[in-house]
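Given the structure of chain A, go ahead and fit chain B onto it with the hints provided.
2 protein chains.
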Amino acid sequence: MSSPSTTPNAYPYQNEPKWSKSEKAIARTAFDAALELEFQELMEETKRKANRVKEPADLWDLEHYLTEHRKEIDRKYDYRYSQLTHVFGRLLYERRVREEDLHGLGEDKLKSIRSTAEFFAKYAA
Amino acid sequence: MSSPSTTPNAYPYQNEPKWSKSEKAIARTAFDAALELEFQELMEETKRKANRVKEPADLWDLEHYLTEHRKEIDRKYDYRYSQLTHVFGRLLYERRVREEDLHGLGEDKLKSIRSTAEFFAKYAA
Numbered sequence: 000m001s002s003p004s005t006t007p008n009a010y011p012y013q014n015e016p017k018w019s020k021s022e023k024a025i026a027r028t029a030f031d032a033a034l035e036l037e038f039q040e041l042m043e044e045t046k047r048k049a050n051r052v053k054e055p056a057d058l059w060d061l062e063h064y065l066t067e068h069r070k071e072i073d074r075k076y077d078y079r080y081s082q083l084t085h086v087f088g089r090l091l092y093e094r095r096v097r098e099e100d101l102h103g104l105g106e107d108k109l110k111s112i113r114s115t116a117e118f119f120a121k122y123a124a
Numbered sequence: 000m001s002s003p004s005t006t007p008n009a010y011p012y013q014n015e016p017k018w019s020k021s022e023k024a025i026a027r028t029a030f031d032a033a034l035e036l037e038f039q040e041l042m043e044e045t046k047r048k049a050n051r052v053k054e055p056a057d058l059w060d061l062e063h064y065l066t067e068h069r070k071e072i073d074r075k076y077d078y079r080y081s082q083l084t085h086v087f088g089r090l091l092y093e094r095r096v097r098e099e100d101l102h103g104l105g106e107d108k109l110k111s112i113r114s115t116a117e118f119f120a121k122y123a124a
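These protein sequence lines map, in sequence, to chains A and B.
For the record, in the first sequence the residue sitting at position 84 is 83 according to numbering that gives the first Met the number 0, with numbers rising by one throughout.
For the record, in the second sequence the residue sitting at position 44 is 43 according to numbering that gives the first Met the number 0, with numbers rising by one throughout.
Since the hints were derived computationally from the structure, they do not count as laboratory data.
It should be emphasised that the depicted structure is a prediction, and the values quoted were computed from it without experimental measurement.
Be aware that one or more of the hints could be misleading.
Same chains, same label: a pair holds when it works inside one copy or across any pair of copies.
[Said to hold, decoys possible] The list that follows gives simulated cross-link-like pairs (lysine-lysine, DSS-like), each with its CA atoms no further than 30 Å apart:
# : residue 1 : residue 2
1 : LYS46     : LYS75
2 : LYS110    : LYS48
3 : LYS48     : LYS20
4 : LYS121    : LYS17
5 : LYS53     : LYS23
Looking at chain A on its own, in the form it has when it is part of the complex (with noise of 0.2 Å):
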């Protein structure tokens, strides 16, 4: 019982910006920056919660704590164009891109990152 498109036939991103070869460049570098600092600072943050381990309870915290944040980082680094510009706007919201980093992409899809970080700051506040 599917309702019919309001716009039959159409390829469902086509609204989305094509992404040019230099563009998906600065958009790798970005990504991956960003992913290794995020991996980074989990184990940082692992090992310390490992070493604050006292009791039984801990070790089922830390787990739940690893399994959280790996959920967390498959949804968050999805590295399909069609979801790059809230990908970055999400990233630059946490600071984990900075807008130099994006230096290169063209105006509309900075114009769409900026407003990803603004819709998270201002429903984060």
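Structure of chain B alone, referenced to chain A:
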């Protein structure tokens, strides 16, 4: 579609040995001490593993290690009197309890415990 039991109306554990008050006290002490030792070892090994983390995959190995040990401990430390001779048999085989920790239990129980320990020794070899 349940098949008829060969011993209809029998209480399922009617052949299990009864545990006297003093036997229950001995069992509780030995059980708790083994569990405490298990947790101490797990906490120490978790710290070692965490401090050796060098890359993201090591984090998920640590998560998996904790999950597996949590499940194994849940399965292994089953303090039902119907299960206790099996539990102590395994712990005896693993040298987490010693025969002297069980001193005071009836010979029927010690026999069953030793038999389970021998079973583990045979099939783990």
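These are the hints, each one checked on the structure:
Within a single copy, LYS46 and LYS75 get their C-alpha atoms as close as 23 Å, and across copies as close as 28 Å, so both meet the 30 Å cut-off. Taking the closest pair of Cα atoms, LYS110 and LYS48 never come within 30 Å of each other, the shortest separation being 39 Å inside a single copy and 44 Å across copies. Neither within a single protomer nor between protomers do LYS48 and LYS20 lie at most 30 Å apart by alpha-carbon distance, with minima of 42 Å and 42 Å respectively. When the C-alpha separation of LYS121 and LYS17 is checked against a cutoff of 30 Å, the pair qualifies only within one copy, where the shortest distance is 28 Å, while the shortest distance between copies is 65 Å.
With identical chains, the CA atoms of LYS53 and LYS23 are at most 30 Å apart between copies only, with a shortest distance of 29 Å across copies and 47 Å within one.
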